[in-house]
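Q: What follows is each chain in one-letter form.
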Amino acid sequence: MKFLAKKIKGNSLWSDALRRLLQDPFATWSFVVIILYVVVALLVRAHLIADGWQESIGGSREAPDLSKGVLHWMGLDIFGRSVILKTIQSTYTAMYVGLLSSLIAVPIGVIMGALAGYFGGWVDDLITWFYTTLSNIPEFLLLIAIALAIGKGIDTVVIALGVTSWVGLARLIRAEFMKHKNREYVLSAQALGGGHIRRMVKHIFPNVLHIVIIGFSLRFVTGIKSEVILTYLGLGAEIGKGSSWGLMISDASGELIQGVWWGLTAATVAMFPIVLAFSLFADALRDAIDPKLRT
Amino acid sequence: MFAYIVRRLLYAIPILLGTTFILFLLFNVVPGDPALQLAGKHATPEVIQTIRAELGLDKPWYGQYFDMLRQLATFDFGRSYWTKQKITDMIVAGAGTSFSLGFPAFIISTSISLVIGLFIALYRGTIIDKTIVAFSVAAQSVSLLVYILAGQYLLAYQWGLFPISGYDPGMIERWQYLVLPILIFVFLSVAPELRFYRTIFLDELYQDYVRTARSKGLGTKTVMLRHVLKNAMIPILTNLVISIPFLILGSVLIESFFQIPGLGDLIVKAIANNDRPVLVSMTVLGTFAYIIFNLLSDILYAMVDPRVQLK
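Note that the protein sequences, when read in sequence, are chains V and D. All residue numbers for the first sequence refer to the numbering used here, where the first residue is 1 and numbers rise by one. All residue numbers for the second sequence refer to the numbering used here, where the first residue is 1001 and numbers rise by one.
Each hint should be verified, as a subset may be incorrect.
Estimated spans, in silico, between C-beta atoms of each pair [to be verified]:
#1 V/119 <-> D/1130: 41 to 51 Å
#2 D/1066 <-> V/121: 26 to 36 Å
#3 V/18 <-> D/1203: 26 to 36 Å
#4 V/69 <-> D/1240: 52 to 62 Å
#5 V/52 <-> D/1131: 40 to 50 Å
#6 V/69 <-> D/1099: 52 to 62 Å
#7 V/18 <-> D/1125: 33 to 43 Å
#8 V/16 <-> D/1125: 53 to 63 Å
#9 D/1008 <-> V/193: 36 to 46 Å
#10 V/16 <-> D/1196: 28 to 38 Å
#11 V/16 <-> D/1135: 26 to 36 Å
#12 V/254 <-> D/1108: 23 to 33 Å
#13 D/1147 <-> V/168: 41 to 51 Å
#14 V/202 <-> D/1123: 38 to 48 Å
If you're looking for bench data, these hints aren't it; they were derived computationally from the structure. Built from N, CA and C at the ideal position, the CB exists for glycine as well.
Taking the hints into account, I'd like the entire structure generated from these sequences.
A: Written out as structure tokens, the structure reads:
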């Protein structure tokens, strides 16, 4: 009896998932990297680091020089600004785009999917029609239309990505809510007098939370990567208003031929760990939670 | 089957109306009057009024929405603000160019990813599988733009194997400009595609029919090629059909980078020049193409998979 009680206690979905995640070195390291980038972004936001990134500390475009101090390690850009500080400053932009676009997309996806899956009937028909319609506009064209409607800039990238990228998540959440709404635990909550909201939020939602977290990670990656592309295409960050990895990589399209490789390298090297970390974290979480994939 | 196709066609109508209406709403909240922009700084109110009437901007909103649908139905989108050319001509010219770039790249990258995907699915869990998957995850953590920049710099600028950028519309001359963009296109597509195909093949490998075939004594090769590939073809085919509009639409990034005058480049130039009619017609037409190919893919699915309910 004692043995049995112990075993049941140790087997809740989340404690089990946590144990699996901690056993997976990729997941642990991914989490450390994500925390590190969040801390850097917060420090930039608080003007504690890279605050003087716009100051010129030398002539135009100097190659990396290890002997002149940390600020020269990744060279200087066209205005003589330290590329290291610029890259750190851009980390804030990337995290800002990733976080805000996910914070728009994920709640829309969850609420739409939950309502459609839980209530069914005409609510489901309406929401399904709406997102099928939206997903029938190729994403890039929809981004252009939104940018045309609200103007160009980094916030346009955030809003456009937010309102275009929730459909996939809504589909998944809808299917999960349909599956869960007639399960015994939800029916017993109903028998105890739990209303619709209580059943959706308190009972079903915790059981689909892993999908929400995975969706959040994947959208974060999409946000960071899309910022680069949209900036290059002239829809994103503008020169003179902060800095971003997209601007640094776009600048390189003229610089590389002149032998200026450090701006591109710095932005790419800075972007690689955080994108990789979010992808690996999403994969690890899926493996830890999804019983079908367990071998 | 016929009834199914008719029903699917009817179902596409509300989708088409919905998508065009969403785009119409977005385009009509644009601040600033297109007529003012077109007339220039020193236009008299009469001139502006004439331009408004020419563009149909004096009509009520449903009249303007109907105009947009009529443009789509007649394939006549008026003229570009920037080049003053007929948009229809610009689209036809651009589509051919985009196709020359997209089609070979599509065929090559699909073949490569299918072969590698099948191979690593077969050797799942081995060091080869793990290495290839790890490489493709890592490769996808670098921006597409970096590969394009690095590819151009190394292959065209440093080693001089290809022209740096540009285009020649001649049927034979164009290829010297297209080889490098096609190579980069293939390189960019393989990493995400092979993971997609690997997942599809893995899904099939654990099905009961595979175990049955193996227990009958069939060899790995027969099971893979005769059973697994055939069943996996259903999701693969439908996925391929959906990607066709993107071939015609062009790879926006590669075209604009290498200055290849396809539809992708047309869109990027229109963004830079605030060329509203070109952007409107490209988004509406692109969406229309996407709906059509989605429809085709659904019908194809129903035709090849007997399990799909036609009722």
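Q: Which hints, by number, does the structure contradict?
A: 7, 8 and 13
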